[in-house]
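**Student:** Protein chains in written order, with the numbering used here: chain A, 1 to 339; chain B, 1 to 280.
Among the clues, some could well be false.
Stated by the list, open to error - DMTMM-like mimics (lysine to aspartate or glutamate), calculated; alpha carbons at most 25 angstroms apart, straight line:
{"id": "1", "chain 1": "A", "residue 1": "K107", "chain 2": "B", "residue 2": "D191"}
{"id": "2", "chain 1": "A", "residue 1": "K118", "chain 2": "B", "residue 2": "D191"}
{"id": "3", "chain 1": "A", "residue 1": "K133", "chain 2": "B", "residue 2": "D176"}
{"id": "4", "chain 1": "A", "residue 1": "K133", "chain 2": "B", "residue 2": "D191"}
{"id": "5", "chain 1": "A", "residue 1": "K80", "chain 2": "B", "residue 2": "D176"}
{"id": "6", "chain 1": "A", "residue 1": "K80", "chain 2": "B", "residue 2": "D191"}
{"id": "7", "chain 1": "A", "residue 1": "K113", "chain 2": "B", "residue 2": "D56"}
{"id": "8", "chain 1": "A", "residue 1": "K260", "chain 2": "A", "residue 2": "D278"}
{"id": "9", "chain 1": "A", "residue 1": "K107", "chain 2": "B", "residue 2": "D214"}
{"id": "10", "chain 1": "A", "residue 1": "K118", "chain 2": "A", "residue 2": "D134"}
{"id": "11", "chain 1": "B", "residue 1": "K185", "chain 2": "A", "residue 2": "D208"}
{"id": "12", "chain 1": "A", "residue 1": "K173", "chain 2": "A", "residue 2": "E157"}
{"id": "13", "chain 1": "A", "residue 1": "K334", "chain 2": "A", "residue 2": "E230"}
{"id": "14", "chain 1": "A", "residue 1": "K337", "chain 2": "A", "residue 2": "D229"}
{"id": "15", "chain 1": "A", "residue 1": "K304", "chain 2": "A", "residue 2": "E230"}
{"id": "16", "chain 1": "B", "residue 1": "K185", "chain 2": "A", "residue 2": "D181"}
{"id": "17", "chain 1": "A", "residue 1": "K100", "chain 2": "A", "residue 2": "D181"}
{"id": "18", "chain 1": "B", "residue 1": "K185", "chain 2": "A", "residue 2": "E234"}
{"id": "19", "chain 1": "A", "residue 1": "K110", "chain 2": "B", "residue 2": "D191"}
{"id": "20", "chain 1": "A", "residue 1": "K113", "chain 2": "A", "residue 2": "D134"}
{"id": "21", "chain 1": "A", "residue 1": "K110", "chain 2": "B", "residue 2": "D176"}
{"id": "22", "chain 1": "A", "residue 1": "K100", "chain 2": "B", "residue 2": "D191"}
{"id": "23", "chain 1": "A", "residue 1": "K177", "chain 2": "A", "residue 2": "E144"}
{"id": "24", "chain 1": "A", "residue 1": "K33", "chain 2": "A", "residue 2": "E11"}
{"id": "25", "chain 1": "B", "residue 1": "K185", "chain 2": "A", "residue 2": "D184"}
{"id": "26", "chain 1": "B", "residue 1": "K185", "chain 2": "A", "residue 2": "D79"}
{"id": "27", "chain 1": "A", "residue 1": "K100", "chain 2": "B", "residue 2": "D176"}
{"id": "28", "chain 1": "A", "residue 1": "K304", "chain 2": "A", "residue 2": "E234"}
{"id": "29", "chain 1": "A", "residue 1": "K173", "chain 2": "A", "residue 2": "E230"}
Please keep in mind that the hints were generated in silico from the structure rather than gathered at the bench.
Letter by letter, the chains look like this.
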Amino acid sequence: MSIANESLGLELIGLNKILGGRIIIENLDLSVKKGEMVSLLGPSGCGKTTTLRMIAGFLRPDAGRVILTGNDVTTLGPDKRPSAMVFQNYALWPHMSVFKNVAYPLKIRKMSKNEIIKRVHEALGMVNLMHHKDSRPSQISGGEQQRVALARALVQEPDILLLDEPLSNLDAKLRIKVREDIRDLQRRLGITTVIVTHDQDEALSISDRIAVMSDGKIEQFANPQALYDEPSTEFVANFIGSLNRYTGDFYEGRIQNGDKVVGIRPEDVYFTANNVPDGQPATVDLVVPRGHFYEVYLSSNGYKIRSFMSSEIPQVGENGFVKISKALVYIGGKLAKVA
Amino acid sequence: MTKTQTKLNLQSNSWLVRILLLGFLAFMALFILGPLIWLAIRAFVTGWTFPNLFPDGFTLRWWKVIAGDESLINAIKNSLIISPIVVIVSAVICLPAAYAFSRYEFWGRKTFIIGIFAANAFPKIGLYASIATLFYTLNLMGTILGVIIIQVLGTIIYMTWIPAAAFSSVSRNLEDAARDAGASKIRVFWDITLRLAMPGILVALVMSFLAAFDEAQGTYLVGVPTLYTMPTKMYALVLNYPVQISAVFSLLLAIPSVILITMARKQIIGGQLADGFQIK
Chain A
1 MSIANESLGL ELIGLNKILG GRIIIENLDL SVKKGEMVSL LGPSGCGKTT
51 TLRMIAGFLR PDAGRVILTG NDVTTLGPDK RPSAMVFQNY ALWPHMSVFK
101 NVAYPLKIRK MSKNEIIKRV HEALGMVNLM HHKDSRPSQI SGGEQQRVAL
151 ARALVQEPDI LLLDEPLSNL DAKLRIKVRE DIRDLQRRLG ITTVIVTHDQ
201 DEALSISDRI AVMSDGKIEQ FANPQALYDE PSTEFVANFI GSLNRYTGDF
251 YEGRIQNGDK VVGIRPEDVY FTANNVPDGQ PATVDLVVPR GHFYEVYLSS
301 NGYKIRSFMS SEIPQVGENG FVKISKALVY IGGKLAKVA
Chain B
1 MTKTQTKLNL QSNSWLVRIL LLGFLAFMAL FILGPLIWLA IRAFVTGWTF
51 PNLFPDGFTL RWWKVIAGDE SLINAIKNSL IISPIVVIVS AVICLPAAYA
101 FSRYEFWGRK TFIIGIFAAN AFPKIGLYAS IATLFYTLNL MGTILGVIII
151 QVLGTIIYMT WIPAAAFSSV SRNLEDAARD AGASKIRVFW DITLRLAMPG
201 ILVALVMSFL AAFDEAQGTY LVGVPTLYTM PTKMYALVLN YPVQISAVFS
251 LLLAIPSVIL ITMARKQIIG GQLADGFQIK
């Protein structure tokens, strides 16, 4: 049917989407390996949900192709695609019990009653919700509703699982537990998964690779570590983690005058009382305890710089030296060098 | 919530306020129920005139008169046949329109919605008079079809506004989820949209039935003298029959309303109708 690579779970080729006269997605390419978990990460309005809806089939791209496990599904509706989606607000049908919600996709596929019961019980077992199978969605908690939505997706044994901000409606504690559960389940089933999120913590902790999006384009597509260590564009560097940002240049271990953009992660900055190689004289302006680390604001050579330190915390007003172990230098928004 | 608050207020207030409140409630109950009770008694008495405090005697004679009067029986028959037809016709026309109003953006959508309301905002007798001239040329005067058309007009507002609000309250996400699960568009409409909008549609059906069943102005203009329904027959009854016959007929006329309202009570009080009015 196509020349597409069979070992890919999902391939997006040259996707374009215009909505309301505005370009939402522009020439977007993305390849996801079978069994891989990929996040689409970006600020609201960057087009990540639009991309997901094009993968699911709710939106048809104006140009480009969507290929699922080697089959071109660009022209198919959502009901004909081997994908299953978990919606942001779960979208459980309020007039059906938990069991019936999960059974519905199988009922549509005209499976036998026994087969349906067996598979629904399996799916509900996977998300530990067997005890709620006769409850209505309104009678269970948000976290449980989320798991029902997940079970309803998994019971279809889809080629690809799509998650739209699945954790955004859960409270902070639950969010971490559920995201671990999702990751665990995804690994165990080896199911290709695309998850849309605006939460970088979530993306960094859950994904094999992350596609950082901005203005309808993918800025960088890499594994979490690479994304953090070598953000290929200024946008990614700003969006992921914290950053000290300067106009200038960086060499000989210090910020110099220039017209480039210098980004320094606070983790790559530390303060010592005694000088070290490449250390610069510095003064401590402010120390803010942040739980498991301290945010230390420093002045050095006329620059303000922020440091994250977890030991040997200096006093405010203390004079000493600052050591910058790594800096990212951008020209025209693109990574030029790592110094 | 509000109920418990009212109760708390009652308890915390003084005796005087409580007595005044109870008095007011009793007055309201009498005001609303009084005429109905009077009517119900009237249907079973031989005579009851001022200054007698109690009726002269009880009888089932008036019920027998109605059972034996063919023109009255015909009016009952006409009402019971025409009203359900009106509801069905109205549903067939209006429910798709209601769905379109709630789900699609099209040219003139707002004008249509407001127009439906506006048609009910003015005295209808003027509308009926001009329709009557049209019906004369179409030979629809005095026919069942003519009466059905005139009654359908009166139900349109219930059959579009309430279901449109009900359709609107069904989240698109729920439909999307069903599509994603593999359901075709028709299946989604049937399993999800229609099913979730059903309480609103039921209310619309009940309201439309009552509107058609009680419709007198247009029906009188179009149907009389060849075709009488229960409400139009009431005019003749009030003028030409003993008062007790009217009372019996009123009770008969109220039966369908009471049954339907009782059946739909849960839907109306349950908030489905209340929070259904979210049309944008």
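**Student:** Each hint should be assessed against the structure and marked as holding or not.
**Tutor:** We went through each hint and held it up to the structure:
With a CA separation close to 12 angstroms, the supplied pair K107 (chain A) and D191 (chain B) stays within the 25 angstroms bound. Among the hinted pairs, K118 (chain A) with D191 (chain B) is consistent with the structure: their alpha-carbon atoms are about 23 angstroms apart, no more than 25 angstroms. Note on K133 (chain A) and D176 (chain B): the hinted pairing holds, with a Cα-Cα distance of about 23 angstroms set against a maximum of 25 angstroms. Between K133 (chain A) and D191 (chain B) the CA atoms are separated by roughly 20 angstroms; this keeps the pair inside 25 angstroms, and the hint holds.
For the given pair, K80 (chain A) sits about 13 angstroms from D176 (chain B) by alpha-carbon distance, which is consistent with the 25 angstroms threshold. This hinted pair checks out: K80 (chain A) and D191 (chain B) have alpha carbons roughly 18 angstroms apart, not beyond 25 angstroms. A threshold of 25 angstroms between alpha carbons decides the hint, and for K113 (chain A) with D56 (chain B) the separation of about 69 angstroms lies outside it, so the pair is violated. Taken as a hint, the K260 (chain A) and D278 (chain A) pair is honoured in the structure, with Cα atoms around 21 angstroms apart against an allowance of 25 angstroms.
Restraint check for K107 (chain A) and D214 (chain B): not satisfied, since their Cα atoms lie roughly 44 angstroms apart, outside the 25 angstroms limit. Between K118 (chain A) and D134 (chain A) the CA atoms are separated by roughly 15 angstroms; this keeps the pair inside 25 angstroms, and the hint holds. A C-alpha spacing of about 35 angstroms is found between K185 (chain B) and D208 (chain A), which places the hinted pair above 25 angstroms, so the restraint is violated. The suggested pairing of K173 (chain A) with E157 (chain A) is violated, with an alpha-carbon distance near 29 angstroms, which exceeds 25 angstroms.
The suggested pairing of K334 (chain A) with E230 (chain A) holds, with an alpha-carbon distance near 11 angstroms, which does not exceed 25 angstroms. For the given pair, K337 (chain A) sits about 12 angstroms from D229 (chain A) by alpha-carbon distance, which is consistent with the 25 angstroms threshold. Simply put, K304 (chain A) and E230 (chain A) have alpha-carbon atoms about 23 angstroms apart, close enough for the 25 angstroms limit, and the pair holds. Distance check on the hinted pair: K185 (chain B) and D181 (chain A) sit about 33 angstroms apart at the alpha-carbon level, beyond 25 angstroms; violated.
At roughly 23 angstroms between alpha-carbon atoms, K100 (chain A) and D181 (chain A) fall within 25 angstroms of each other, so this suggested pair holds. Between K185 (chain B) and E234 (chain A) the alpha-carbon distance is near 44 angstroms, which puts this suggested pair outside the 25 angstroms criterion. A C-alpha spacing of about 15 angstroms is found between K110 (chain A) and D191 (chain B), which places the hinted pair at or below 25 angstroms, so the restraint holds. Straight-line distance between C-alpha atoms of K113 (chain A) and D134 (chain A) comes to about 17 angstroms, which keeps the hinted pair within the 25 angstroms bound.
Taken as a hint, the K110 (chain A) and D176 (chain B) pair is honoured in the structure, with Cα atoms around 20 angstroms apart against an allowance of 25 angstroms. With a C-alpha separation of about 12 angstroms, the suggested pair K100 (chain A) and D191 (chain B) falls inside the 25 angstroms cut-off, and the hint holds. The suggested pairing of K177 (chain A) with E144 (chain A) holds, with an alpha-carbon distance near 12 angstroms, which does not exceed 25 angstroms. Proposed proximity of K33 (chain A) and E11 (chain A) is supported: the alpha carbons are some 9 angstroms apart, at most 25 angstroms.
Of the pairs offered as hints, the one joining K185 (chain B) and D184 (chain A) is violated, with about 34 angstroms between alpha carbons and a cut-off of 25 angstroms exceeded. Between K185 (chain B) and D79 (chain A), the direct Cα distance comes to roughly 9 angstroms. Compliance with the 25 angstroms bound is thereby established for this hinted pair. Pair hint K100 (chain A) plus D176 (chain B) holds up; C-alpha atoms about 17 angstroms apart against a cutoff of 25 angstroms. In summary, the hint linking K304 (chain A) to E234 (chain A) is supported, as the alpha carbons are separated by about 19 angstroms, within the 25 angstroms threshold.
About 30 angstroms separates the Cα atoms of K173 (chain A) and E230 (chain A), which puts this hinted pair outside 25 angstroms; it is violated.
Checked against the numbered hints given earlier, this structure breaks hints 7, 9, 11, 12, 16, 18, 25 and 29; the rest are met.
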